Amino acid sequence: MGNFLRIFNRFHVILDELDGFDDLTYGWTLDDVDTLAFQLSLSDPKCNPTNMQYANHIEIVDETTGIVIWGGLIAGHDFNDATLKINCLDYGGLMKWRRLRQANYGITDYGTVAMLMMENTNSIFPTGTSIGTIESGAINTSLSVSNTDMLLDTMRTFLATPNYDWDIDVNRNFNFYLAKGADKSYYSLTWGGEADNIIVAPELTEDIMSMANAVYSETSGQALTSLAQDTTSQSTYGLFEGTVSADSSSTSQLALDTQTSGQLSKTSNPTRGFTLTACDSSLCPFSDIFIGDTITVNLIPYFGYSATMRILRMIHDEKTNTRQITVGEVIYKPLAPNKRMYSIT
5 MGNFLRIFNR
15 FHVILDELDG
25 FDDLTYGWTL
35 DDVDTLAFQL
45 SLSDPKCNPT
55 NMQYANHIEI
65 VDETTGIVIW
75 GGLIAGHDFN
85 DATLKINCLD
95 YGGLMKWRRL
105 RQANYGITDY
115 GTVAMLMMEN
125 TNSIFPTGTS
135 IGTIESGAIN
145 TSLSVSNTDM
155 LLDTMRTFLA
165 TPNYDWDIDV
175 NRNFNFYLAK
185 GADKSYYSLT
195 WGGEADNIIV
205 APELTEDIMS
215 MANAVYSETS
225 GQALTSLAQD
235 TTSQSTYGLF
245 EGTVSADSSS
255 TSQLALDTQT
265 SGQLSKTSNP
275 TRGFTLTACD
285 SSLCPFSDIF
295 IGDTITVNLI
305 PYFGYSATMR
315 ILRMIHDEKT
325 NTRQITVGEV
335 IYKPLAPNKR
345 MYSIT
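According to the numbering used here, the sequence shown holds residues 5 to 349 in order.
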């Protein structure tokens, strides 16, 4: 029993199924696009230009349940002797190469603006996505976009301001969340003690360089002001003040308060962001943890460190059935290699 791959063309018409792959790894990142990679032998009859066409859709299917656990599109080929490594982006990549058209979105809530950006983009040329769940309760805002704004970059920055979440799921639906994930602090990633599931010695790094447990913001001319404070953090560490620049859409007290509180939630404690390599276990079963969930991290030898932390990223290794799980408030990603384009003369 295991997983197999389904391949579709870019219109999501089924082409083939694969089970002779190797070195399958895949990941998920909160409010961002992640990747999948696997290898095929060039001698495999299913390793052909039709199946491996760029922008073809590819999905991982659980052989036992038939549930799709990851979906995306082919974005790169690495040829090496007798093998081909296929690199893919998750379905969030369907937003990557689409630009917006000039528009002014009037005063309405963040979820509606995000939905309208997707709908307007699809009306010009379909991305292959549909509208899924748009949670209600978001604050009102306004947004102006230009013809040179890209959909994915705009969506990232727009929804990061009030600390809202989004994704494109395995059904290729765009979803908007006030806060993605659930409290699963009853699950733990543990290092040290009688039972643990972290299998590589973790590197714990924290600092207070970006900390602020009292965040202040104001609109132009101090028409509106907002102060958000974390008294629990202040009683532990003392007062750390910070500011956040008011977004241009912060035209109401509620909007400004939400933006200020969103910043406070990111900075009220020492900055934490580290990756733990774990095995599947009842302490933290892979089948029941998802991006955005909050779990408990216990690093017992490190001064008895224990904290509830949000899952920001997971990378699954199919061969070893292990995961690299990034928790905290920040993801440190390596910089992509620089490419220089040269004209042919």
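Note that these hints are calculated values from the structure, not bench results. One should not assume that every hint holds.
Unchecked claim - Taking CB as the label site, the calculated pair distances span:
| # | residue 1 | residue 2 | range |
| --- | --- | --- | --- |
| 1 | Leu182 | Asn91 | 40 to 48 Å |
| 2 | Ser140 | Asn84 | 28 to 36 Å |
| 3 | Leu208 | Asp85 | 37 to 45 Å |
| 4 | Thr68 | Gly24 | 32 to 40 Å |
| 5 | Ser146 | Asn91 | 36 to 44 Å |
| 6 | Asp157 | Asp26 | 44 to 52 Å |
| 7 | Gly132 | Thr68 | 22 to 30 Å |
| 8 | Glu322 | Asn52 | 43 to 51 Å |
| 9 | Gly24 | Thr69 | 18 to 26 Å |
All values derive from a computational prediction rather than experimental measurement. Glycine included, every Cβ here is placed at the ideal spot set by N, Cα and C.
Taking the hints in turn, this is what the structure says about them:
1. Leu182 x Asn91: 40 to 48 Å: Violated, since Leu182 and Asn91 (Cβ atoms, about 33 Å apart) do not stay within the stated range.
2. Ser140 x Asn84: 28 to 36 Å: This hint is violated: roughly 50 Å between Cβ atoms.
3. Leu208 x Asp85: 37 to 45 Å: About 40 Å separates the Cβ atoms of Leu208 and Asp85, which means 37 to 45 Å holds.
4. Thr68 x Gly24: 32 to 40 Å: Given a distance of about 19 Å, which is not inside 32 to 40 Å, the answer is violated.
5. Ser146 x Asn91: 36 to 44 Å: 38 Å, holds
6. Asp157 x Asp26: 44 to 52 Å: Distance hint for Asp157, Asp26 is violated at roughly 34 Å.
7. Gly132 x Thr68: 22 to 30 Å: Between Gly132 and Thr68, where Cβ atoms are some 28 Å apart, the hint holds.
8. Glu322 x Asn52: 43 to 51 Å: Hint violated: Cβ distance 23 Å, outside 43 to 51 Å.
9. Gly24 x Thr69: 18 to 26 Å: 21 Å, holds
Checked against the numbered hints above, the structure breaks hints 1, 2, 4, 6 and 8 and satisfies the rest.
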